[in-house]
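S.K.: Based on the sequences and whatever the hints tell you, model everything.
From first to last, the protein sequence lines stand for chains L and X.
Take 1 as the starting number for the first sequence in my numbering and just add one per residue.
Take 1 as the starting number for the second sequence in my numbering and just add one per residue.
No lab work stands behind these hints, which were simulated from the structure alone.
Some clues are possibly wrong.
For chains that are exact copies, the list does not tell them apart, and a pair is met inside one copy or across any two.
Under the rule of at most 20 Å between Cα atoms (straight-line distance), these lysine to any residue pairs were calculated in the SDA-like manner [as the list claims (entries may be wrong)]:
| # | residue 1 | residue 2 |
| --- | --- | --- |
| 1 | K158 | I255 |
| 2 | K208 | S7 |
| 3 | K167 | H105 |
| 4 | K55 | A346 |
| 5 | K167 | A103 |
| 6 | K158 | S11 |
| 7 | K55 | Q371 |
| 8 | K208 | A297 |
| 9 | K158 | A174 |
| 10 | K2 | T26 |
| 11 | K167 | E341 |
| 12 | K158 | S9 |
| 13 | K167 | A325 |
| 14 | K2 | D38 |
| 15 | K158 | N92 |
| 16 | K158 | S6 |
| 17 | K55 | R192 |
| 18 | K2 | T184 |
| 19 | K167 | V221 |
| 20 | K158 | R13 |
| 21 | K2 | R233 |
| 22 | K55 | D23 |
| 23 | K167 | D98 |
A quick note: this is a predicted structure, and the numbers were derived from the prediction, not measured.
Protein chains: 2
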Amino acid sequence: MKELPSSGSFSVRWHHRVLTCRDAFTDSGAELAQLFGDSSSPARVLCVLDGGLTKAAPALPDRIAAWAQTQSDRIDLAGTPLTVPGGEQAKNDRTVFDQVVRAIHDRRICRQSFVLAVGGGAMLDAVGLAAATSHRGVRLVRLPSTTLSQADAGVGVKNGINAFGAKNLIGTFAPPWAVVNDATLLPTLTDRDWRAGLSEAIKVALLKDESLLIDLEHAAVALQNRDLDVMERIATRTADLHVAHIVHGGDPFEISRARPLDFGHWSAHQLEQMTGFRLSHGDAVGIGLMIDLHYAALALGGSQSLVRRVASCLQSLGFPLCCDAMSDHDRLLDGLERFREHLGGAMAITMVTEPEHSQEVSSIDRDVMRQAIELTVRRGGEQMSRTG
Amino acid sequence: MKELPSSGSFSVRWHHRVLTCRDAFTDSGAELAQLFGDSSSPARVLCVLDGGLTKAAPALPDRIAAWAQTQSDRIDLAGTPLTVPGGEQAKNDRTVFDQVVRAIHDRRICRQSFVLAVGGGAMLDAVGLAAATSHRGVRLVRLPSTTLSQADAGVGVKNGINAFGAKNLIGTFAPPWAVVNDATLLPTLTDRDWRAGLSEAIKVALLKDESLLIDLEHAAVALQNRDLDVMERIATRTADLHVAHIVHGGDPFEISRARPLDFGHWSAHQLEQMTGFRLSHGDAVGIGLMIDLHYAALALGGSQSLVRRVASCLQSLGFPLCCDAMSDHDRLLDGLERFREHLGGAMAITMVTEPEHSQEVSSIDRDVMRQAIELTVRRGGEQMSRTG
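M.R.: Spelled out as C-alpha cells, the structure:
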C-alpha cells in the first residue's frame, strides 16, 4: 500500500461569536444587521421562527419584517418568515428539517446567504442541521429564545435531530455565523421553561465556576420572581463558560475526548426518552445532576454537603427532584450504554466530587447507581410531601 | 450589543490520507486492517457495498468476510456487509442514506467505529453523508470502485445527496478516515464507466499539469484496450492533484473561494439533470470541458489549438462530444445560474485558456456561450458521422 505524495494534514479555522443584547430587532436592530456583512450589497436572509415563540409573541414576524425594511441596505429578507413547530417535536422527525431545506432551495439561499433562526433549542437543532447541510452549509445566525438555549445548546456548535428512537442520531458540528442572546425574548416563557436554563447553569457552575453556584443560590428568590436582569446575568455567565469550553478547550468537535459538559446528562436524556419528553430537558438535567452527585458521594468520596447544597438550590429554583420514570431502575440504567454509544469508544462519564473538581470514570457500579437514584427519589419525595 | 469574552477563533485539524494498492482484501489485507487502528482492541466496522459492484464481483462479500476473519485482532465486522443500490439512484432519494443510518444505529457503530464503503461515487456520496451525520460523524474508510471515483470525488472531502430536484442539495464537508484506491476493483467496469474517470483527468491536467495531458494523449490506445497499469497511473496522478488541491490549496471546505476543480462542471451537471442521468458524469464532463474551452477561445483569447487537442484526446478515449439535450440552449444555460446558487455568492466560473493557465470569470456572455455549445455540437456531430 502506498500513500499519495499529497496526503497530509490541513486545518480549518472557525470564528465562534456569541453576543448579548436587548430588543434585537428594534433598539439593537442596526447592530444586528451589521452581523450579516457589509453594506456593499444586502445579505439574503431566510428567517425561520419557532411556532411556540410566535404564539407567545404574535407581533414578532411583523417586527422582523420592519427591521429588515429599516436595514434594507444590509438585509434582503427572502420572503415572509417561515414558522415551524417548536419543542422536541421539531426534531423528532424530518418535517422541520425538510421545510427549511426546501425553503433554502425555493427562496434561493446560497452558501453566502443566511438563515436567521429564532427559537428554542430543539427547533434551533433541526433548523441548524438543515442550514449546515443545505449546499453543504449556508450561514446560520441563531437567536435562542429560551433560557435553556441561551445558556446551553443555542450557543454551541452542534445541531441534530432524533431518528430511529435515538436522540440526536443525525447531526453535525457546524459553528454558526453568530449567536445573539436577546433577554427580551424570555419574559413570555412558562415557569417550567423559565427555570429550564438554570439546571444547565448549575451544571456548568459545578464543573467550572463555584462563584456562579453562589450567585444562583443567592438569586433564587429573584429568579423565582422572574427578575430579567438576574436571569440575563446568569444565562450570560453560563453561555460564556460554555463558549470558553468550545473555543479554548482544545477539542471543539469532540473528536478525541468525551464531553465534560454532559455531566448529569446520561440519565437526563434517558428520562426524557422514558417520559416521551413530558419531562423537560431542564427538569431532567436537574434530576440527572442529583443522581450523579449522589453517586460521586457514595462511590468516589464526593462531598455530601455539596449534594445537599445543590438539592436545596434546585428546589429553591422550582425544580422537581424526582419523577415516576425513576422507579424503573433497569431502564434508566440502560441510559449509560446509550450514552456511551452516542459518544463512542469506551465509557467516560464525568463526575463532580467538589465544586470545580471533576473526574472521568470509565465504569459505573450499577448497584451504587441504584442507591444514588433512590436517594434522589427520596429527597424529591420529601419535597413533594412538603409542597403537596 | 456586547460580545461574550470567550468568543473567539478555533481551528480543527484533519488528516487526509489517500493510498493506493492492489487486492485490498487479500494481498494488501494486513495493511488495510492497520488503517483501522492498533491491535489493542479490534475496531468495529460496518461494511457497505455498492450493488452494482457486487453484481459484477459476486465473490466480494465473502472476500471481505474472510479478510475480517484473518484480521480479527484489528477488525470486528458488524454483521454481514450491507449491499445498497449504486449509481445516481443511490443519492436521488434518502433510501440508501436511511439504510446506512439505521444500520449504524442497529449494529452499534459509534464515533470511534467505522463505516467501510466500497463502491462508485454516487453511492460513496450517500453513504458518506450517512456516516458524517450519524452520531455527528462516525469514521469512514472509502474504497472507490470506479475510475471516476478513484480519480475524483471518492478521494475528496465532500458527500451529498440530491433533493427537491437539485444536485447535491444536502451534504457536508467531512474528511474520511482514509481512502484506498484499489485498481483491481476496476476491470469489471463497462466501457462507459471505464473511461469515465478520464475526462476528470483531462480536466485536472488542463488546470494543473500539462504532462498529465501529454500522458493521456499518448496512452489513448492502451486505455481503450483497458490496460490496467496505465489506468492506475492516470487515476493515481489525477487523485494526487485533486488531494493536493484540498490539502495544500488553503480552502478545503470551500468557505471563501469558488472551485477551480469544477472547471467544465456547470454544463455537465445541467446536462446530467436534463437527460435524467442517462448521460454519465464522465461523458458530461467531457462535453462540459469542450463547451468551456470553446468559450475561452471565443471570448478570452484562449488557445484554438488546445480546443482541437482536447477534442482529439476525448474522442480517442471514446468520449462523445455531443448529446441531444445540447440543442435546448436556454435550458442548458440555466445551468450557469444553478451552479452559481449552489456555490453561493457572485458568479465565478473557472476558464482555461492554455494548459495550466486558468482564470475566473464573473459573467458569461450568453450569446458567445451559445456559439461555444454549437461548436461543440458540430465537432461531436462530425465525430458521429465519421463513426456512425
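S.K.: If a hint holds in the structure, say so; if it does not, say that too.
M.R.: Tested hints:
1. K158 <-> I255: Both ways: K158 and I255 sit 13 Å apart in one copy and 18 Å across, limit 20 Å.
2. K208 <-> S7: between (39 Å within a copy, 17 Å between copies)
3. K167 <-> H105: So K167 and H105 pass the 20 Å test across copies only (11 Å; inside, 27 Å).
4. K55 <-> A346: neither (44 Å within a copy, 38 Å between copies)
5. K167 <-> A103: This pair counts as between: shortest inter-copy Cα distance 16 Å, intra-copy 25 Å.
6. K158 <-> S11: both (19 Å within a copy, 16 Å between copies)
7. K55 <-> Q371: neither (43 Å within a copy, 56 Å between copies)
8. K208 <-> A297: within (19 Å within a copy, 64 Å between copies)
9. K158 <-> A174: Both. Shortest intra-copy (6 Å) and inter-copy (15 Å) distances satisfy the 20 Å Cα cut-off.
10. K2 <-> T26: between (60 Å within a copy, 16 Å between copies)
11. K167 <-> E341: within (11 Å within a copy, 33 Å between copies)
12. K158 <-> S9: Classified as between: cross-chain Cα gap 16 Å, same-chain 23 Å, threshold 20 Å.
13. K167 <-> A325: within (18 Å within a copy, 46 Å between copies)
14. K2 <-> D38: between (48 Å within a copy, 19 Å between copies)
15. K158 <-> N92: Classified as within: same-chain Cα gap 16 Å, cross-chain 27 Å, threshold 20 Å.
16. K158 <-> S6: Between copies, since 17 Å is at most 20 Å while 31 Å is not.
17. K55 <-> R192: Within one copy only: 17 Å inside, 57 Å across.
18. K2 <-> T184: The answer is between: 15 Å across copies meets 20 Å, while 59 Å in one copy does not.
19. K167 <-> V221: The answer is neither: 34 Å in one copy and 55 Å across copies each exceed 20 Å.
20. K158 <-> R13: Both: 16 Å inside a copy, 17 Å across copies.
21. K2 <-> R233: between (57 Å within a copy, 13 Å between copies)
22. K55 <-> D23: Result: close within a single copy only, 18 Å intra versus 62 Å inter.
23. K167 <-> D98: both (18 Å within a copy, 16 Å between copies)
Checked against the numbered hints above, the structure breaks hints 4, 7, 19 and satisfies the rest.
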